[in-house]
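All chains should be built: construct the whole structure from the sequences, respecting the hints.
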Amino acid sequence: MRDHSISRRRALAALGAIGLGASGLTLSAPRPTHAQTVGQHETVDEALKRIFGARPMKDGSGVVKLDIPLIAENGAVVPVSVDVTSPMTPANYVKTIYVVADKNRIPIAFRTTLGPEAGQAAIGATIRLGETGDVRAIVEQSDGTLLAVKREVKVTVGGCGG
Amino acid sequence: MSDIGKVRVRLPSSIKPGDVVRVRSLVIHPMERIERDSKGKIIDKKYLYINRVVATYLGKTVAVFDTTQSVSENPTFVFSFRATDPGTLTITFHDTHGGKYEGTADVKFG
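Chains A and B, in that order, give the protein sequences. Following the numbering used here, the numbering of the first sequence begins with 94 at its first residue and continues without gaps. Following the numbering used here, the numbering of the second sequence begins with 23 at its first residue and continues without gaps.
Be careful, since some hints might not be right.
[Claimed, not checked] Taking lysine-lysine and the DSSO-like style, the derived pairs with C-alpha atoms no more than 30 Å apart in a straight line are:
#1 K61/B with K196/A
#2 K196/A with K82/B
#3 K158/A with K82/B
#4 K158/A with K38/B
#5 K82/B with K188/A
#6 K196/A with K67/B
#7 K122/B with K188/A
#8 K196/A with K63/B
#9 K38/B with K82/B
#10 K188/A with K38/B
#11 K122/B with K28/B
#12 K142/A with K67/B
#13 K188/A with K130/B
#14 K142/A with K63/B
#15 K247/A with K61/B
#16 K247/A with K196/A
#17 K142/A with K68/B
#18 K28/B with K38/B
#19 K63/B with K247/A
#20 K188/A with K151/A
#21 K243/A with K188/A
FYI, nobody ran anything at the bench for these hints, they're computed from the structure.
Structural data, given as structure tokens:
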């Protein structure tokens with residue numbers, strides 16, 4: 094794996110350049126892709142509207158901790174983790190956590206569904222970032238409250254390619 | 023690509039009953055990105071990537087990740103669960119081509 098890292102990075106950079114040039118033409122026409130229930134080609138506003146509708150979203154900065162590097166040198170692998178302060182009891186727990194990358198062509202990176210058995214609402218994953226932009230974590234609690242936090246991440250080399 | 027589907031699951035070295043345990047898991051998978059032709063049109067095909075990760079412990083689901091192509095190649099997933107009894111933690115990765123990759127870790131107290 095390691096030996097290929099440089100050539101792979103170069104290839105990604107080239108792909109990114111091609112993809113970005115073309116994105117302006119295609120972004121306006123979202124199209125469904127195969128078997129994607131969570132993520133689709135759409136803008137972040139469309140994605141949030143599709144999933145959450147008009148439900149109010151509160152600022153969750155006191156409760157939700159979104160941990161992601163401020164500068165991502167390689168957009169192909171960006172570690173992100175979300176910690177939510179929650180008792181995680183059957184009466185009050187964190188139900189789902191969405192991680193959304195605003196500038197990606199598939200803005201919803203992933204959705205995590207948790208239960209009270211998790212004991213702690215702390216999750217993480219490695220995502221791709223196509224370009225510099227906001228990354229949001231949207232937390233849905235068991236009572237339906239939505240909490241959102243976002244942070245800007247600067248991306249040196251985009252990792253989303255085409 | 024013969025390594026595809028290799029799964030590694032890591033638990034902390036010592037776990038006490040009732041502890042909330044943080045699990046790190048890694049799967050070797052290409053997580054294919056969208057490809058475009060020379061005109062910039064998306065090539066319509068069935069892309070190979072993981073779209074669901076399910077973690078179970080003592081027969082109960084503790085965490086489910088629904089993932090898209092915005093997740094990196096060879097992704098890692100971190101989550102926690104409360105270790106109450108000795109048992110097996112199973113993490114199953116499903117990809118869009120029907121592939122199913124499984125990793126397990128034994129929860130032992132000591």
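_Tell me if the straight-line CA distance from K243/A to K188/A falls inside 30 Å._
This hinted pair holds, its Cα atoms lying about 19 Å apart.
*Decide if the proposed pair is consistent with the structure: K142/A and K68/B, CA atoms, cutoff 30 Å inclusive.*
holds (26 Å)
*Please work out if K122/B and K188/A have their alpha carbons no farther apart than 30 Å.*
Distance ~25 Å between K122/B and K188/A Cα, so the pair holds.
*Quick one, are K247/A and K61/B close enough, alpha carbons at most 30 Å?*
holds (28 Å)
_Pair hint K158/A and K38/B, alpha-carbon separation not exceeding 30 Å_ = Holds, because 26 Å separates the two Cα atoms, which is no more than 30 Å.
*Is it true that the CA of K188/A sits at most 30 Å from the CA of K130/B?*
OK: K188/A and K130/B at ~28 Å, within 30 Å.
*Quickly compare the C-alpha distance for K142/A and K67/B to 30 Å and report which way the hint goes.*
Satisfied, since the Cα-Cα distance of roughly 27 Å is no more than 30 Å.
*asked:* Would the hint linking K196/A and K67/B be met if the CA-CA limit is 30 Å?
replied: The hint holds at about 23 Å.
*Take the C-alpha atoms of K82/B and K188/A, compute the straight-line distance between them, and say whether it is at most 30 Å.*
holds (15 Å)
*Taking only the CA atoms, is the gap from K63/B to K247/A under or equal to 30 Å?*
Distance of about 27 Å is within 30 Å: holds.
_Check whether the Cα positions of K61/B and K196/A lie no farther apart than 30 Å._
Given that 30 Å is the threshold and the Cα spacing comes to 21 Å, the pair holds.
*Keeping to a limit of 30 Å between CA atoms, is the pair of K158/A and K82/B held or broken?*
holds (27 Å)
The structure is inconsistent with hint 2 alone, although it conforms to all the rest.
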